[in-house]
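Let the hints inform the model, and build the full structure from the sequences given.
So the protein lines, in turn, are chains A and B. Just add 260 to the spot in the first sequence (first one is 1) and you have this note's numbering. Just add 99 to the spot in the second sequence (first one is 1) and you have this note's numbering.
In case anyone wonders, no lab produced these hints; they're calculated from the structure. Any given hint could be a false lead.
To be verified - If you anchor each label on the Cβ, the simulated ranges turn out as follows:
| id | chain 1 | residue 1 | chain 2 | residue 2 | range |
| --- | --- | --- | --- | --- | --- |
| 1 | B | 396 | A | 330 | 51 to 59 Å |
| 2 | B | 233 | A | 277 | 32 to 40 Å |
| 3 | B | 174 | A | 278 | 17 to 25 Å |
| 4 | A | 280 | B | 217 | 26 to 34 Å |
Every value quoted in this text rests on a predicted model; they were computed, and no experiment measured them. Even glycine gets a Cβ: it sits at the ideal position worked out from N, Cα and C.
Here is what each chain is made of, one letter per residue.
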Amino acid sequence: MAARRGDERAWIRGAQQGSVSDLEALFRHHWPKAYRAAYLVVHDAGAAEDIAQESFLAAVRGLDRFDRRRPFGPWLHRIVVNRAIDWSRARALRRESGNAALEVVAAPAAPDNPHAQTLAAALGSLSPEHRAVIVLRHLLEYTPGEIAEVLGLPRGTVNSRLRRGLDELAARFGEELQ
Amino acid sequence: MTHWREPAPGEREAGDRSWEVVRSAFEARTPSPAGHNWRPIVIVALGVAVLAAAFTPPGLAVWSSLRDAVTSEDHLLSLPTEGRILVNSPSGAWVVKRDGSKRLLGGYLDASWSPHGLYLAAARGNDLVALEPNGSVHWKLARARPIGGPQWSYEGYRIAYLAGPALRVVNGNSTGDRLISPNVVGSGLPAFAWRPATHELAYRDNRNELVLLDVDTKRVLWRLTKTNGIERLLWSDDGQRLFVAGGEPMVVDAAGHVITAFSPQNLLPAAFAPRTRALAVVTSTNGQSTVSIYSGPRYKRRRVVFSGAGTFAGLAWSPDQRWLLVDWRSADQWIFIRSAAVRRIAVRNIGNTFDSGPEHFASLAGWCCP
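Written out as structure tokens, the structure is:
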């Protein structure tokens, strides 16, 4: 999973010049965290796939304009996390109108990782905004300052959401997050 | 904190699926490499020439043609998941692949998939034709009357079809053609459907009764007489539920017992979700159409999936059950609705995509196996 910054720049340059293999390297490197971040915010495998996939599609559309000197991850994660928050808010609003209809008949995702499901379930008790800052901090390992930039929030708000979110999680999830 | 490092459910499979989508999008946008790029100069020169010519009478005519060409653009660039979609249009049957490529099998009508998508059965005048999706014809069977609506049995060993008003069955290798009923049209539309995993055929006879017949033994397994205006029959994949669409729509079990009767209304188009008994149907009220999914033991649970103005002319589930395709005819669009995320993809200009134009419509005939 570890890739040097130089690898990423080379992949981006190659993709900007039309190389499918470089785009695939970039995709394979960033997919796990993008999907995981979306999953932990929305707690729905189908939605996480859509959100991560659409974020990559947005990245592909904007690839020509991307500045290679900047890291790709924060750019992608900003899209993923903001879409995941939007999706969670929309689902909360639509819950009564039955828009989750097809879930009834959709094939359930295989429970290939009970820990991730437990974690996602614990995160599910928080608001989407609190989930997002915790995912950005602990999964994607951004500093509070970087999270503030990604989400367009004051740093103090990020810190307070982190503190409150972790307190709530600790109450539900024991000492796992300490 | 080790849990943050572990994969989320479905992560790898979702990555493989998504990579295919991202790659397709990337390839669609990548410009062809060129040695010396004259393109901008050529475009500017063409633009000047077009502007100069556009305001003359011949120029206006050309402009009109260009506009027509632009509006007939094909927007169906790929399918959101595995499988191939079959479309029947006035010009023939179209097979749409995952990558958006389309093959026209010209002149074939009423095409339908064989169980695993290896073959199609279609009508060509008075011929029943079995062919491969690439157009290679395996056999033809000529009848005295026009052929219609061929359907394969579950394993491909039988094909039921109409020859004029008669319902007939032929073996999958074109042998053993026999009459099932001389007239299943009567006063309404023909309706028949194979029960999965059997050679039992449900059909509406000319007295508007619903019959389940074992076509190999010619034994009538049951008959329902209290029916009204049956228009279409659909079996669930397990062969345990039969949706009877028509004046008084209902769901019956494999023994012909009524599971539920809906209030009299038009519940078409409709489609059982693959490998389940949940049923997607379209209802229309005051010019508004709605796709709903009925589920539960007696189909009492209804959830609305999508609504829009005008007519929804077709429904098709993706083979992996993750997408429901709605043919929104009034909007000339296909809407792909994703299950869990309620994600929608709208593809416009469907009429022209399948050369059917705004007056003659292309109809969905199934979303089959990868």
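Against the structure, the hints:
1. Distance hint for residue 396 of chain B and residue 330 of chain A: a CB-CB separation of about 56 Å, consistent with the stated range 51 to 59 Å.
2. For residue 233 of chain B and residue 277 of chain A, the hinted distance range of 32 to 40 Å is satisfied, since their beta carbons lie about 35 Å from each other.
3. One distance hint, 17 to 25 Å for the beta-carbon pair residue 174 of chain B and residue 278 of chain A, holds here, with the actual separation near 23 Å.
4. Checked against the given bound of 26 to 34 Å, the beta carbons of residue 280 of chain A and residue 217 of chain B, roughly 30 Å apart, stay inside it.
Going down the numbered hints, you'll see the structure goes against none, and every one checks out.
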